[in-house]
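All chains, full assembly: derive it from the sequences and hints.
Residue numbers (the numbering used here), protein chains in the order written: chain R, 46 to 203; chain H, 46 to 203; chain Z, 46 to 203; chain P, 46 to 203; chain C, 46 to 203; chain U, 46 to 203.
Please keep in mind that the hints were generated in silico from the structure rather than gathered at the bench. Some clues are possibly wrong.
To give an idea of the interface, some chain U residues facing chain R are shown, with a C-beta separation under 8 angstroms as derived from the structure [stated by the list, open to error]:
1. Ile88
2. Ile97
3. Val99
What follows is a list of derived Cβ distance ranges for each label pair [unchecked claim]:
4. Leu182(H) <-> Ala192(Z): 38 to 44 angstroms
5. Lys199(P) <-> Arg200(Z): 26 to 32 angstroms
6. Ala192(Z) <-> Ala146(P): 34 to 40 angstroms
7. Leu70(C) <-> Gly129(U): 17 to 23 angstroms
8. Arg50(P) <-> Glu189(Z): 34 to 40 angstroms
9. Ala52(C) <-> Ala192(Z): 44 to 50 angstroms
10. Arg150(U) <-> Glu145(H): 57 to 63 angstroms
11. Met46(U) <-> Arg113(C): 25 to 31 angstroms
12. Gly186(C) <-> Leu70(U): 25 to 31 angstroms
13. Ala146(P) <-> Gly95(Z): 33 to 39 angstroms
In the DSSO-like style, the derived pairs of lysine-lysine whose C-alpha atoms are separated by at most 30 angstroms in a straight line are [claimed, not checked]:
14. Lys199(U) <-> Lys185(U)
15. Lys199(R) <-> Lys139(H)
16. Lys139(Z) <-> Lys139(H)
17. Lys139(P) <-> Lys185(Z)
18. Lys185(P) <-> Lys199(Z)
19. Lys139(R) <-> Lys185(R)
20. Lys139(H) <-> Lys185(H)
Quick reminder that beta carbons are idealized off the backbone N, C-alpha and C, glycines included.
6 protein chains.
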Amino acid sequence: MTARRIADSSVEMTEILLPQHANALGTAFGGTIMSWIDICGAICAQRHCGRIAVTAYVDDLEFLAPIRVGDIVQLHARMNQAFGSSMEVEVEVKRERAGEAHLARCAVARLTFVNVGPDGRPAPVPALVLETDEARLRAKGADERRAQRLAHRKRAVD
Amino acid sequence: MTARRIADSSVEMTEILLPQHANALGTAFGGTIMSWIDICGAICAQRHCGRIAVTAYVDDLEFLAPIRVGDIVQLHARMNQAFGSSMEVEVEVKRERAGEAHLARCAVARLTFVNVGPDGRPAPVPALVLETDEARLRAKGADERRAQRLAHRKRAVD
Amino acid sequence: MTARRIADSSVEMTEILLPQHANALGTAFGGTIMSWIDICGAICAQRHCGRIAVTAYVDDLEFLAPIRVGDIVQLHARMNQAFGSSMEVEVEVKRERAGEAHLARCAVARLTFVNVGPDGRPAPVPALVLETDEARLRAKGADERRAQRLAHRKRAVD
Amino acid sequence: MTARRIADSSVEMTEILLPQHANALGTAFGGTIMSWIDICGAICAQRHCGRIAVTAYVDDLEFLAPIRVGDIVQLHARMNQAFGSSMEVEVEVKRERAGEAHLARCAVARLTFVNVGPDGRPAPVPALVLETDEARLRAKGADERRAQRLAHRKRAVD
Amino acid sequence: MTARRIADSSVEMTEILLPQHANALGTAFGGTIMSWIDICGAICAQRHCGRIAVTAYVDDLEFLAPIRVGDIVQLHARMNQAFGSSMEVEVEVKRERAGEAHLARCAVARLTFVNVGPDGRPAPVPALVLETDEARLRAKGADERRAQRLAHRKRAVD
Amino acid sequence: MTARRIADSSVEMTEILLPQHANALGTAFGGTIMSWIDICGAICAQRHCGRIAVTAYVDDLEFLAPIRVGDIVQLHARMNQAFGSSMEVEVEVKRERAGEAHLARCAVARLTFVNVGPDGRPAPVPALVLETDEARLRAKGADERRAQRLAHRKRAVD
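Laid out in structure tokens, this is it:
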């Protein structure tokens, strides 16, 4: 299994916020944005491991600014780190609004996906090539979050 | 604004997993479960503060066991803590499967919702009455998570 | 097959009315509420008989008060009676609206579901334990409605 | 307000059963068919009274034969009777299946819709012209069902 | 394989435009109307060839007048011509609006569907009986469009 | 109104084909792909003119290869030409399938969108900067298609 680069699996996804995606206030219903984040992240993980990947964990999904009906919504996903059979993906959500000169950052999240093999069990994923200092920093953050999770689970069991 | 009790806002939501909710493997698509978690949590927050509440933060959403087409899905939401104008809600997802004697815990998440006033700005929420040791322990956990988030944001700005 | 109690299969389902569920007047589209009633009733029947149950009959579905975008919607389903291979379930729909002190009853319906066996044919269902006078009264009503339906069909054929 | 004929408001609606409309058995999910019945009936009522009509009552919705993914679904709605501000509509559902010489009748229902005026209150509807013995028979049935419902409500109140 | 007549496969489909079908302007979202046109045309093709037909080509889909939330939408599909294993279908979309005396033509399109056999390959379709001058004129137009498409593809390959 | 470049409005959209998007054969339902093409093209037009644009015309939408449940779907939209108040956009659809070394081109379409001003009437759009021979060739094709459409309408009226 050859290691893969971040650019090989990065995803750009664009949507437009329709009334069917809104809540009673005319802004994006939280579940719509979560669904889009999950799809965008899952495509990134599937591109990295070459097979359908299932969501295992959502860490620190933060909503930063509202999205209104009629706004264009950009989602970007990129691999942060590959573990044995799982992958941490970061997804960022931005809005384009008529009359606004700059994009507004609306949400950001980190998700962990697991590669599921044909037998339904976790299967190994390719390593991630870390080419820049920024990439190494993100991977280090992902390593720490994973260590924390495993320590937390161990405590819960002990 | 009178303080409100946990039981006043707790939510039970039941669904059945249909093919329209599944991924290519015949199990629940992650975004479907996230949408249901968001709705269930938002109803809990709306019951506590008496107005539509918007999702601000999702912390540690963990998928523990798969849900298949035909499974009954139970979601339970309860308040963990009320802050100035926001609320931490915990949502748990279980499945009932024909032929299984016990419920399986499939996902758990903590979400923070903000009470939005008629002027579109955060508005104060009632305090939460903490009547048991378990409730006080959960509220303490929510306080710590909030302190961490605020410290983290301060670091990012400094 | 052991008889089962009403509490073993009762269902509580909670939703929030989003713009995607509304008609051109901003109130609940009838088909949305019917779908929710059908899901809620089907879960109740599936809990009672332990297998996927299909809708056979809807009797006296009555809409009593409108539901608006932003309202919380409660659905409750409970078994009325078990017949050979079918079950009568009653579903009640209530709304919670910000600023209203009391729940408003919005719809009520009785549905009959059939237990479908692995061979695709109707299969026997457990009996229903009737523990209170109210339960026996409801079961009697269900018996009468079923007798009327069978008589009506017989007339149509004769 | 001129009386209107049955043919003026009759509706033909055709659909194809896609996987998104199915339950775990690969046949039509009950709620899908109910939604289609409600839409078909609501269009008929809207054609008769010239304004958006809301569902008030569903009487004797009966499922007669299953519909599978890939089947073509026909729905037909026709006015049975017009009352002061409400209308009884009958909807019939048939399936066309590849390799079957004849249509199969899959469901039938009677629904009552109310004409809602600009002030949100029930508004008068045109009378229905009854030109054949069959039409008069159907209208008589609708009259009897309505009388029964009103008597039933009166009993519940007394 | 017996030739089939136009009336044997013609389709009438009726919908009502709900908020879930609208864009941010409160009129029909283009993709909703395209989906309905595709379903209506696919049913026509499936009726003609007796099996599920897949969309191969959309030619000259033109939007002529807007459809608003609350409008009733009529779609009509009819066979224009049958080729070896494909069929050209014409679909017309009209709106009925409260207070308008006449139907407004809102969209028209021509689609080509292919009959897919059990082996997943194109399979022959019945010929179309052309009984009127108008039908022969439409079939001639379809023949010319098909010849143009084939010539265009040949040029692209040469 | 400053002229805008093609790169300023180009769109990349990524989706994954879920069971809710499929037909009875387990491949993409035509209407799903048409909806995605319409959204992708509408975002491109909205980016070019800075306001919500409505679909006016779909020209030569061709399906070239099937998309299966589980495939990743890429859509790319780019401006071909800007006219007075309308824009021609080209959308291309590709699939990524596990185990296939290369992307497969699945559909291609040209759509015309109209810029709708605040008064609901067509409003002028910025000119398109044509920087390469390929861009000028595409714009020329768009000019010819528009001339043909106008001539065709004139013939229909004369």
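Now for the hints, and whether the structure bears them out:
no. : hint                                        : result
1   : Ile88                                       : 5 angstroms, holds
2   : Ile97                                       : 6 angstroms, holds
3   : Val99                                       : 12 angstroms, violated
4   : Leu182(H) <-> Ala192(Z): 38 to 44 angstroms : 56 angstroms, violated
5   : Lys199(P) <-> Arg200(Z): 26 to 32 angstroms : 27 angstroms, holds
6   : Ala192(Z) <-> Ala146(P): 34 to 40 angstroms : 36 angstroms, holds
7   : Leu70(C) <-> Gly129(U): 17 to 23 angstroms  : 20 angstroms, holds
8   : Arg50(P) <-> Glu189(Z): 34 to 40 angstroms  : 38 angstroms, holds
9   : Ala52(C) <-> Ala192(Z): 44 to 50 angstroms  : 45 angstroms, holds
10  : Arg150(U) <-> Glu145(H): 57 to 63 angstroms : 46 angstroms, violated
11  : Met46(U) <-> Arg113(C): 25 to 31 angstroms  : 29 angstroms, holds
12  : Gly186(C) <-> Leu70(U): 25 to 31 angstroms  : 30 angstroms, holds
13  : Ala146(P) <-> Gly95(Z): 33 to 39 angstroms  : 38 angstroms, holds
14  : Lys199(U) <-> Lys185(U)                     : 21 angstroms, holds
15  : Lys199(R) <-> Lys139(H)                     : 22 angstroms, holds
16  : Lys139(Z) <-> Lys139(H)                     : 24 angstroms, holds
17  : Lys139(P) <-> Lys185(Z)                     : 33 angstroms, violated
18  : Lys185(P) <-> Lys199(Z)                     : 21 angstroms, holds
19  : Lys139(R) <-> Lys185(R)                     : 25 angstroms, holds
20  : Lys139(H) <-> Lys185(H)                     : 25 angstroms, holds
When each numbered hint is compared with the structure, violations occur for hints 3, 4, 10 and 17.
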